[in-house]
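Let chain A serve as the given structure and place chain B on it in line with the hints.
Chains A and B, in that order, are what the protein sequence lines are. Under this note's numbering, think of the first position of the first sequence as 74, with each following residue one higher. Under this note's numbering, think of the first position of the second sequence as 74, with each following residue one higher.
Treat each hint with caution, since some may be false.
All copies of an identical chain are treated as equivalent in the list; a pair is satisfied when it fits inside any one copy or across any two copies.
[What the hints assert, rightly or not] Capping the alpha-carbon separation at 27 Å, the derived lysine-lysine pairs in DSS-like fashion look like this:
#, residue 1, residue 2
1, Lys90, Lys184
2, Lys169, Lys90
3, Lys139, Lys232
4, Lys145, Lys113
5, Lys169, Lys241
6, Lys90, Lys113
7, Lys232, Lys145
If you're looking for bench data, these hints aren't it; they were derived computationally from the structure.
2 protein chains.
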Amino acid sequence: MLDTYVLRLGHRPERDKRVTTHVALTARAFGAKGIFVSTKDEELENNVRSVVDRFGGDFQITTGIKWKPFLKEFDGTSVHLTMYGTHVDDAIPLIKDVATRKMLIVVGAEKVPPDVYQWATFNVGMGNQPHSEVAALAVFLDRFFQGEGLRRDMDGNMKILPCERGKKVVNDTQ
Amino acid sequence: MLDTYVLRLGHRPERDKRVTTHVALTARAFGAKGIFVSTKDEELENNVRSVVDRFGGDFQITTGIKWKPFLKEFDGTSVHLTMYGTHVDDAIPLIKDVATRKMLIVVGAEKVPPDVYQWATFNVGMGNQPHSEVAALAVFLDRFFQGEGLRRDMDGNMKILPCERGKKVVNDTQ
Numbered sequence: 074m075l076d077t078y079v080l081r082l083g084h085r086p087e088r089d090k091r092v093t094t095h096v097a098l099t100a101r102a103f104g105a106k107g108i109f110v111s112t113k114d115e116e117l118e119n120n121v122r123s124v125v126d127r128f129g130g131d132f133q134i135t136t137g138i139k140w141k142p143f144l145k146e147f148d149g150t151s152v153h154l155t156m157y158g159t160h161v162d163d164a165i166p167l168i169k170d171v172a173t174r175k176m177l178i179v180v181g182a183e184k185v186p187p188d189v190y191q192w193a194t195f196n197v198g199m200g201n202q203p204h205s206e207v208a209a210l211a212v213f214l215d216r217f218f219q220g221e222g223l224r225r226d227m228d229g230n231m232k233i234l235p236c237e238r239g240k241k242v243v244n245d246t247q
Numbered sequence: 074m075l076d077t078y079v080l081r082l083g084h085r086p087e088r089d090k091r092v093t094t095h096v097a098l099t100a101r102a103f104g105a106k107g108i109f110v111s112t113k114d115e116e117l118e119n120n121v122r123s124v125v126d127r128f129g130g131d132f133q134i135t136t137g138i139k140w141k142p143f144l145k146e147f148d149g150t151s152v153h154l155t156m157y158g159t160h161v162d163d164a165i166p167l168i169k170d171v172a173t174r175k176m177l178i179v180v181g182a183e184k185v186p187p188d189v190y191q192w193a194t195f196n197v198g199m200g201n202q203p204h205s206e207v208a209a210l211a212v213f214l215d216r217f218f219q220g221e222g223l224r225r226d227m228d229g230n231m232k233i234l235p236c237e238r239g240k241k242v243v244n245d246t247q
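For reference, chain A alone in the conformation it holds in the complex (with noise of 0.2 Å):
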């Protein structure tokens, strides 16, 4: 799978702290390696890493970063996700053709500086609707990936197995 990151900008640590956890954890189990916040919470941080540590994998949370340097400089492909861009039915064929090295993929929280649409190499709406950027995410790496980033095992101490009714939860740690 392609080096995959998140750029959530915007994140305003009390109004946003549910759904920038959400962010992370769905940027996670759809198989992006990390994500990088724009501005600096550690509460969300170690909200991330316990998960991580729980259920596995190498997932990565850096938070408080300058986000401008970062995108504009950014030594692969942008994908910015938003209510305004080209269609993603039309877009994942041409982000394929050019994304070979790393991609990142931007989330704004609710509006995004005018600098990031022209920044981006790519502007991408999943659908032109608004909903929400959770959603997009995950549609976007599901559809991205074909489904791979599901089927991965993480790999955890804590492990949930596939059940029709109630919970299996198998814990190596006990």
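For chain B alone, coordinates are given in the frame of chain A:
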């Protein structure tokens, strides 16, 4: 497209306001016809109706419903999205075999009462890792409807036109 509704359990207006709004708008954008929310929340109703008024379609929201009889007596196929369930890769073909009339997708806020696992026709995991009910709902609908949800024209007064850079919005009410 099969008539599909979403049932949101455990919504706490203060804590879950933003995430439940994401759930509702994701349901609308990816092809569901309406959402039922267990807790009464007029602000949530108004926010979602305001999107429907501007961006089109006939998506319905109802809050403050008695979810136990509603789920138990649902006249169709119910699909509870949970990280403990049958892997989506295996579940979708099974659901397509039996879901012919109506489908109800159940998503919880945090812990879901054990009854839900028994009453749902299917318990389905979008992978078996913790992430987000918004992501789970989006990917389930996107896969079930094979992307058709995102290709519909909602025929709203406001319409966003796909665009490589920047924003193109047509507003019929101006």
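*asked:* Need the list of violated hint numbers for this structure, in ascending order.
replied: 2, 3 and 7
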